[in-house]
Amino acid sequence: MITYITSNQNIQLGIHLAIAIALHNIPEGISISIPIYYSTGSRKRALKYTFISAISEPIGALLAFLLFSYLVSDVMMGVLYAFIGGLMMYIALVELLPESLSYRNSRLTYISFFSGCLFMLISHFFFF
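Here the sequence shown is numbered in our numbering, starting from 757 and rising by one per residue.
What the hints contain is simulated information worked out from the structure, not anything from laboratory work.
For clarity, every value in this text was computed on a predicted model and none was experimentally measured.
Any given hint might turn out to be false.
Simulated pairs of lysine to any residue, SDA-like, Cα-Cα distance not exceeding 20 Å [claimed, not checked]:
no., residue 1, residue 2
1, 804, 781
2, 800, 816
3, 804, 827
4, 800, 789
5, 800, 783
6, 800, 812
7, 800, 784
8, 800, 779
9, 804, 792
10, 804, 794
11, 800, 782
12, 804, 829
13, 804, 816
14, 804, 791
15, 804, 826
16, 804, 823
17, 804, 815
18, 800, 818
19, 800, 788
20, 804, 825
21, 800, 790
22, 804, 787
23, 804, 786
24, 804, 774
25, 804, 822
26, 804, 814
27, 804, 793
28, 804, 790
29, 804, 782
30, 804, 820
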(Lines of atoms letter the chains of each structure in order from A and count residues from 1; the text may use other names and numbers.)
(Lines give C-alpha, C1' and ligand atoms only; values in the text may rest on other atoms or scores of the structure.)
Protein backbone atom coordinates (compact mmCIF):
# COMPACT_ATOMS: atom_id res chain seq x y z
CA MET A 1 0.00 0.00 0.00
CA ILE A 2 2.75 2.42 0.92
CA THR A 3 4.51 1.88 -2.42
CA TYR A 4 1.38 2.77 -4.37
CA ILE A 5 0.51 5.79 -2.24
CA THR A 6 4.10 7.05 -2.31
CA SER A 7 4.35 6.60 -6.07
CA ASN A 8 1.09 8.42 -6.49
CA GLN A 9 2.52 11.44 -4.63
CA ASN A 10 6.16 11.36 -5.77
CA ILE A 11 7.21 9.00 -8.57
CA GLN A 12 10.95 9.25 -7.84
CA LEU A 13 10.46 8.35 -4.18
CA GLY A 14 8.06 5.59 -5.22
CA ILE A 15 10.66 4.06 -7.54
CA HIS A 16 13.30 4.11 -4.79
CA LEU A 17 10.86 2.53 -2.37
CA ALA A 18 9.88 -0.14 -4.91
CA ILE A 19 13.55 -1.01 -5.47
CA ALA A 20 14.17 -1.23 -1.71
CA ILE A 21 11.15 -3.48 -1.24
CA ALA A 22 12.16 -5.65 -4.20
CA LEU A 23 15.62 -6.13 -2.67
CA HIS A 24 13.96 -6.93 0.65
CA ASN A 25 11.74 -9.52 -1.01
CA ILE A 26 14.68 -11.71 -2.05
CA PRO A 27 15.74 -12.71 1.48
CA GLU A 28 12.10 -12.67 2.57
CA GLY A 29 11.21 -15.26 -0.06
CA ILE A 30 14.20 -17.37 0.91
CA SER A 31 13.32 -17.15 4.61
CA ILE A 32 9.80 -18.33 3.85
CA SER A 33 10.55 -21.10 1.37
CA ILE A 34 13.62 -22.77 2.90
CA PRO A 35 12.10 -23.66 6.30
CA ILE A 36 8.89 -24.89 4.67
CA TYR A 37 10.82 -27.00 2.18
CA TYR A 38 13.05 -28.56 4.84
CA SER A 39 10.20 -29.18 7.26
CA THR A 40 7.85 -30.71 4.70
CA GLY A 41 10.17 -31.87 1.91
CA SER A 42 7.68 -30.41 -0.55
CA ARG A 43 8.87 -27.87 -3.11
CA LYS A 44 5.28 -27.34 -4.18
CA ARG A 45 4.17 -26.36 -0.66
CA ALA A 46 7.21 -24.08 -0.22
CA LEU A 47 6.44 -22.37 -3.52
CA LYS A 48 2.76 -22.05 -2.62
CA TYR A 49 3.41 -20.27 0.68
CA THR A 50 6.10 -18.07 -0.83
CA PHE A 51 3.67 -17.10 -3.60
CA ILE A 52 0.97 -16.27 -1.05
CA SER A 53 3.42 -14.00 0.75
CA ALA A 54 4.56 -12.35 -2.49
CA ILE A 55 1.08 -11.78 -3.94
CA SER A 56 -0.01 -9.87 -0.85
CA GLU A 57 1.95 -6.80 -1.97
CA PRO A 58 0.23 -6.26 -5.35
CA ILE A 59 -3.11 -6.98 -3.67
CA GLY A 60 -2.28 -4.34 -1.07
CA ALA A 61 -1.48 -1.85 -3.84
CA LEU A 62 -4.80 -2.60 -5.53
CA LEU A 63 -6.68 -2.17 -2.26
CA ALA A 64 -4.86 1.11 -1.63
CA PHE A 65 -5.88 2.32 -5.07
CA LEU A 66 -9.51 1.33 -4.56
CA LEU A 67 -9.92 2.47 -0.96
CA PHE A 68 -7.48 5.29 -0.29
CA SER A 69 -6.63 7.05 -3.56
CA TYR A 70 -9.05 9.89 -2.83
CA LEU A 71 -7.66 10.42 0.71
CA VAL A 72 -4.02 11.00 -0.22
CA SER A 73 -2.76 14.29 1.21
CA ASP A 74 0.46 15.59 2.74
CA VAL A 75 -0.91 15.08 6.25
CA MET A 76 -1.96 11.51 5.48
CA MET A 77 1.45 10.76 3.97
CA GLY A 78 3.17 12.08 7.10
CA VAL A 79 0.96 10.00 9.38
CA LEU A 80 1.43 6.93 7.21
CA TYR A 81 5.22 7.28 7.09
CA ALA A 82 5.36 7.83 10.86
CA PHE A 83 3.20 4.76 11.51
CA ILE A 84 5.20 2.52 9.17
CA GLY A 85 8.53 3.85 10.46
CA GLY A 86 7.46 3.16 14.05
CA LEU A 87 6.25 -0.30 13.10
CA MET A 88 9.55 -1.11 11.40
CA MET A 89 11.54 0.19 14.37
CA TYR A 90 9.47 -1.94 16.73
CA ILE A 91 10.04 -5.07 14.65
CA ALA A 92 13.78 -4.40 14.38
CA LEU A 93 14.44 -3.43 18.00
CA VAL A 94 11.93 -5.54 19.92
CA GLU A 95 11.66 -8.66 17.77
CA LEU A 96 14.70 -9.10 15.50
CA LEU A 97 17.55 -7.67 17.60
CA PRO A 98 16.81 -9.75 20.74
CA GLU A 99 16.35 -12.86 18.59
CA SER A 100 19.71 -12.28 16.94
CA LEU A 101 21.37 -11.70 20.32
CA SER A 102 20.04 -15.05 21.52
CA TYR A 103 22.47 -16.80 19.14
CA ARG A 104 25.38 -15.78 21.38
CA ASN A 105 27.34 -13.76 18.83
CA SER A 106 26.52 -10.32 20.13
CA ARG A 107 29.54 -8.62 18.57
CA LEU A 108 28.51 -9.68 15.05
CA THR A 109 24.91 -8.72 15.81
CA TYR A 110 25.85 -5.21 16.89
CA ILE A 111 28.28 -4.74 14.00
CA SER A 112 25.61 -5.85 11.53
CA PHE A 113 22.93 -3.71 13.16
CA PHE A 114 25.00 -0.54 13.13
CA SER A 115 26.34 -1.27 9.63
CA GLY A 116 22.76 -1.49 8.41
CA CYS A 117 21.91 1.81 10.14
CA LEU A 118 24.98 3.44 8.59
CA PHE A 119 24.12 2.06 5.15
CA MET A 120 20.60 3.48 5.39
CA LEU A 121 21.95 6.86 6.47
CA ILE A 122 24.46 6.98 3.62
CA SER A 123 21.94 5.79 1.04
CA HIS A 124 19.60 8.57 2.13
CA PHE A 125 22.19 11.18 1.14
CA PHE A 126 23.08 9.61 -2.20
CA PHE A 127 19.74 8.34 -3.47
CA PHE A 128 17.22 10.97 -2.37
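message: residue 804 and residue 790 were given as a pair; does the straight-line alpha-carbon distance stay at or below 20 Å?
response: holds (12 Å)
Given hint residue 814 paired with residue 804 - CA-CA distance at most 20 Å: Holds, because 16 Å separates the two Cα atoms, which is no more than 20 Å.
- prompt: Taking 20 Å as the top limit, are the C-alpha atoms of residue 804 and residue 794 close enough?
  reply: holds (14 Å)
- request: Take the C-alpha atoms of residue 800 and residue 816, compute the straight-line distance between them, and say whether it is at most 20 Å.
  value: violated (24 Å)
Distance restraint between residue 800 and residue 788, which requires alpha-carbon spacing of 20 Å or less: Distance ~13 Å between residue 800 and residue 788 Cα, so the pair holds.
Proposed proximity, residue 774 with residue 804 (alpha carbon, max 20 Å): Violated. Residue 804 to residue 774 sits at ~23 Å, over the 20 Å cutoff.
- request: Quickly compare the C-alpha distance for residue 804 and residue 815 to 20 Å and report which way the hint goes.
  value: holds (16 Å)
field: Given pair status - residue 782, residue 800, alpha carbons within 20 Å
entry: Roughly 18 Å between the alpha carbons, so the hint for residue 800 and residue 782 holds.
- request: Take a quick look at whether residue 804 and residue 782 sit within 20 Å of each other, Cα to Cα.
  value: holds (16 Å)
task: Take the C-alpha atoms of residue 800 and residue 784, compute the straight-line distance between them, and say whether it is at most 20 Å.
output: Judged against 20 Å, a Cα distance of about 18 Å means the pair holds.
query: Do the alpha carbons of residue 804 and residue 781 lie within 20 Å of each other, as the hint requires?
result: Given that 20 Å is the threshold and the Cα spacing comes to 15 Å, the pair holds.
task: Quickly compare the C-alpha distance for residue 804 and residue 825 to 20 Å and report which way the hint goes.
output: The given pair, whose Cα atoms are some 31 Å apart, is violated under the 20 Å limit.
Checked against the numbered hints listed earlier, the structure breaks hints 2, 3, 8, 12, 15, 16, 18, 20, 24, 25 and 30; every other hint is satisfied.
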